[in-house]
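Using the numbering used here, the first residue of the sequence shown is number 1, and each one after it goes up by one.
Incorrect hints may have been included.
[Said to hold, decoys possible] With a straight-line Cα cutoff of 20 Å, these simulated SDA-like cross-link-like pairs (lysine to any residue) come out: (1) Lys87 / Arg35; (2) Lys347 / Leu248; (3) Lys359 / Arg394; (4) Lys87 / Gly50; (5) Lys87 / Val57; (6) Lys359 / Val340; (7) Lys390 / Val427; (8) Lys359 / Gly415; (9) Lys87 / Leu196; (10) Lys91 / Glu26; (11) Lys359 / Pro417; (12) Lys359 / Glu407; (13) Lys91 / Leu109; (14) Lys347 / Glu407; (15) Lys91 / Val43; (16) Lys347 / Arg394; (17) Lys359 / Thr288; (18) Lys87 / Leu58; (19) Lys390 / Pro417; (20) Lys92 / Gly50; (21) Lys390 / Thr363; (22) Lys87 / Ala97; (23) Lys390 / Asp360; (24) Lys347 / Thr363; (25) Lys390 / Gly415; (26) Lys87 / Glu76.
No lab work stands behind these hints: they were computed from the structure. For clarity, every value in this text was computed on a predicted model and none was experimentally measured.
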Amino acid sequence: VDECVGPLADGAFGLGGGALTYGEIEIASLDRLLRAVAAAAPVRVFADVGCGRGATVLAAALLFPNLEASRGVEVEPAAAAAAAAAKYLSKKTGRPAIAESTVLEIEALESATKLLPRAAAAYRVPRVDAAAAELLERLATVSPGDRRTRFVTCCAFHDAATGLGANSRAEVRADLESADVLTAGITRTEAFQALLMALINDERAAAAAPGLKFEFFEFRRERAISAPPVLTGAAQLRERLRNDARVLSNGNVDVSAFVGSNVDVALLDDAAAELHRRLGPLVTDHVTKILTTGASGQQIALPLARFMSVPLVVCRREVEDASDKDLSAPLGRVAYADAVDVTYRSKHFGPGQQLYLPKDALTERDQVLVVDDFLASGSCQEALLRLISKCGARPLGLAVLVEKAFERGRDFLAGWPVPVASVASIVSVENGYIELAEDDDADSDAAAAAPKFQLEEGVVLGLDFLPADVDDAS
Numbered sequence: 001v002d003e004c005v006g007p008l009a010d011g012a013f014g015l016g017g018g019a020l021t022y023g024e025i026e027i028a029s030l031d032r033l034l035r036a037v038a039a040a041a042p043v044r045v046f047a048d049v050g051c052g053r054g055a056t057v058l059a060a061a062l063l064f065p066n067l068e069a070s071r072g073v074e075v076e077p078a079a080a081a082a083a084a085a086a087k088y089l090s091k092k093t094g095r096p097a098i099a100e101s102t103v104l105e106i107e108a109l110e111s112a113t114k115l116l117p118r119a120a121a122a123y124r125v126p127r128v129d130a131a132a133a134e135l136l137e138r139l140a141t142v143s144p145g146d147r148r149t150r151f152v153t154c155c156a157f158h159d160a161a162t163g164l165g166a167n168s169r170a171e172v173r174a175d176l177e178s179a180d181v182l183t184a185g186i187t188r189t190e191a192f193q194a195l196l197m198a199l200i201n202d203e204r205a206a207a208a209a210p211g212l213k214f215e216f217f218e219f220r221r222e223r224a225i226s227a228p229p230v231l232t233g234a235a236q237l238r239e240r241l242r243n244d245a246r247v248l249s250n251g252n253v254d255v256s257a258f259v260g261s262n263v264d265v266a267l268l269d270d271a272a273a274e275l276h277r278r279l280g281p282l283v284t285d286h287v288t289k290i291l292t293t294g295a296s297g298q299q300i301a302l303p304l305a306r307f308m309s310v311p312l313v314v315c316r317r318e319v320e321d322a323s324d325k326d327l328s329a330p331l332g333r334v335a336y337a338d339a340v341d342v343t344y345r346s347k348h349f350g351p352g353q354q355l356y357l358p359k360d361a362l363t364e365r366d367q368v369l370v371v372d373d374f375l376a377s378g379s380c381q382e383a384l385l386r387l388i389s390k391c392g393a394r395p396l397g398l399a400v401l402v403e404k405a406f407e408r409g410r411d412f413l414a415g416w417p418v419p420v421a422s423v424a425s426i427v428s429v430e431n432g433y434i435e436l437a438e439d440d441d442a443d444s445d446a447a448a449a450a451p452k453f454q455l456e457e458g459v460v461l462g463l464d465f466l467p468a469d470v471d472d473a474s
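Based on the sequences and whatever the hints tell you, model everything.
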């Protein structure tokens, strides 16, 4: 092997030092190796243990057609899957790629007289996802707590341009009663760390990426703890409300120092991320479009739509008498050939206010999140919710930058079964002083307030299998 492959080890196997670790052996090296072996003794069968996708097995069969057999065995399918994915990604993108594959293995029960064969059988789950979590939960209810599980992660690196390759493997064993899909995070972390350390210690990889360095999590954690605290979107907004907002004589809160006239883009980006977190996945994972109105509403809706990767729809307000209102205000019905409209009463502009939207802007397939800058009385937001329903779409929630809790807008919207989330809440503006609610993350109940799945009367959910001694009638 040293004579035939050693001189080409750096080029053929990726990692230097002559160590045959991971990679695809070049056909010329394989040819020389097999011919050297054949010169010493007849070769009838070629076997490759850890064959991956079988490239070497096929190459041997083509190079030596007189072989009785050319066979390959992959002892770690996860390694083969990670290697294939890394090669595919690198080939398609033209850049170095890293891929991982994590599998869950659950041992069989030898003495399982009280369990159906399906429950006692061994399991191998190729992806650790929601289905794996459900399997663990179901088996835990009918299995002894000390039933063993194993999480295995294989990582692979491949650079199609240089032929550089490396791989790593990590595993964690746990009893079934303590096993969880989060355990896979341990194996993934260890496998990625081992792979990165192998690459950093390789001279070719260091030359290809001179800025590449590895740092253990503990060091990063210590540095993060000693660093100055970074304010969240909610904390930043509360600071700006305390320092830069003003209470007007009519009770309105002027935030033009950072929203409206002067836009603090970074603040609104962070606030959008905070709204996304507070709404929770029960809402955000199902939103197909965001609906807003007004310039200030668009300023918070746009970063949230970009954060969620969904389209932003903007409805317009009707101007009834241009002589009495701002001529620069957007027109409503006259701007659309075919529009849907709703009417509402505004606290500041009185009754008869109208919102317009093109009929094709929302469809029956859309699930819509309403976004606005302020929630005060709730009349405008309630009109937006009616507009969504009138288009045949489904409203999923309301997200606002600032809530004026003392105007009871949230109570006004209580008839709509949608969660409401705000980044900051003002509880009082008496005597020109802005009093903010304690930020105890109360809006985290926005997701909890979302409509939940309820079983109809007489519907029963059960396992695919039950202990054999349980009576069917029970």
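Right, here's what the structure says about each hint:
A C-alpha spacing of about 29 Å is found between lysine 87 and arginine 35, which places the hinted pair above 20 Å, so the restraint is violated. A distance of roughly 15 Å separates the Cα atoms of lysine 347 and leucine 248; the hinted pair therefore holds under the 20 Å criterion. Distance restraint check for lysine 359 and arginine 394: the Cα-Cα separation of roughly 15 Å lies within the 20 Å cut-off, and the hinted pair is therefore satisfied. Taking the CA atoms of lysine 87 and glycine 50, the gap is about 17 Å. The hint holds against a cut of 20 Å.
A threshold of 20 Å between alpha carbons decides the hint, and for lysine 87 with valine 57 the separation of about 18 Å falls inside it, so the pair holds. A hinted pair counts as satisfied when its Cα atoms are at most 20 Å apart, and lysine 359 with valine 340 qualifies at roughly 6 Å. Distance restraint check for lysine 390 and valine 427: the Cα-Cα separation of roughly 33 Å exceeds the 20 Å cut-off, and the hinted pair is therefore not satisfied. A distance of roughly 25 Å separates the Cα atoms of lysine 359 and glycine 415; the hinted pair therefore is violated under the 20 Å criterion.
Proposed proximity of lysine 87 and leucine 196 is supported: the alpha carbons are some 17 Å apart, at most 20 Å. As the CA atoms of lysine 91 and glutamate 26 are separated by approximately 17 Å, the hinted pair is consistent with the 20 Å bound. Of the supplied pair hints, the one linking lysine 359 and proline 417 is violated, its CA atoms being roughly 24 Å apart against a limit of 20 Å. Taken as a hint, the lysine 359 and glutamate 407 pair is broken in the structure, with Cα atoms around 32 Å apart against an allowance of 20 Å.
Taking the CA atoms of lysine 91 and leucine 109, the gap is about 43 Å. The hint is violated against a cut of 20 Å. In summary, the hint linking lysine 347 to glutamate 407 is supported, as the alpha carbons are separated by about 11 Å, within the 20 Å threshold. Our distance criterion of 20 Å between C-alpha atoms is broken by lysine 91 and valine 43, whose separation comes to about 35 Å. A hinted pair counts as satisfied when its Cα atoms are at most 20 Å apart, and lysine 347 with arginine 394 does not qualify at roughly 26 Å.
For a cut-off of 20 Å, the pair hint linking lysine 359 to threonine 288 stands: about 17 Å separates their Cα positions. Taken as a hint, the lysine 87 and leucine 58 pair is honoured in the structure, with Cα atoms around 18 Å apart against an allowance of 20 Å. For the hint linking lysine 390 to proline 417, the alpha-carbon distance of about 16 Å falls within 20 Å, and the restraint holds. At roughly 25 Å between alpha-carbon atoms, lysine 92 and glycine 50 are farther apart than 20 Å, so this suggested pair is violated.
A C-alpha spacing of about 10 Å is found between lysine 390 and threonine 363, which places the hinted pair at or below 20 Å, so the restraint holds. A distance of roughly 7 Å separates the Cα atoms of lysine 87 and alanine 97; the hinted pair therefore holds under the 20 Å criterion. Of the pairs offered as hints, the one joining lysine 390 and aspartate 360 holds, with about 12 Å between alpha carbons and a cut-off of 20 Å not exceeded. Pair hint lysine 347 plus threonine 363 does not hold up; C-alpha atoms about 30 Å apart against a cutoff of 20 Å.
Restraint check for lysine 390 and glycine 415: satisfied, since their Cα atoms lie roughly 16 Å apart, inside the 20 Å limit. Between lysine 87 and glutamate 76, the direct Cα distance comes to roughly 17 Å. Compliance with the 20 Å bound is thereby established for this hinted pair.
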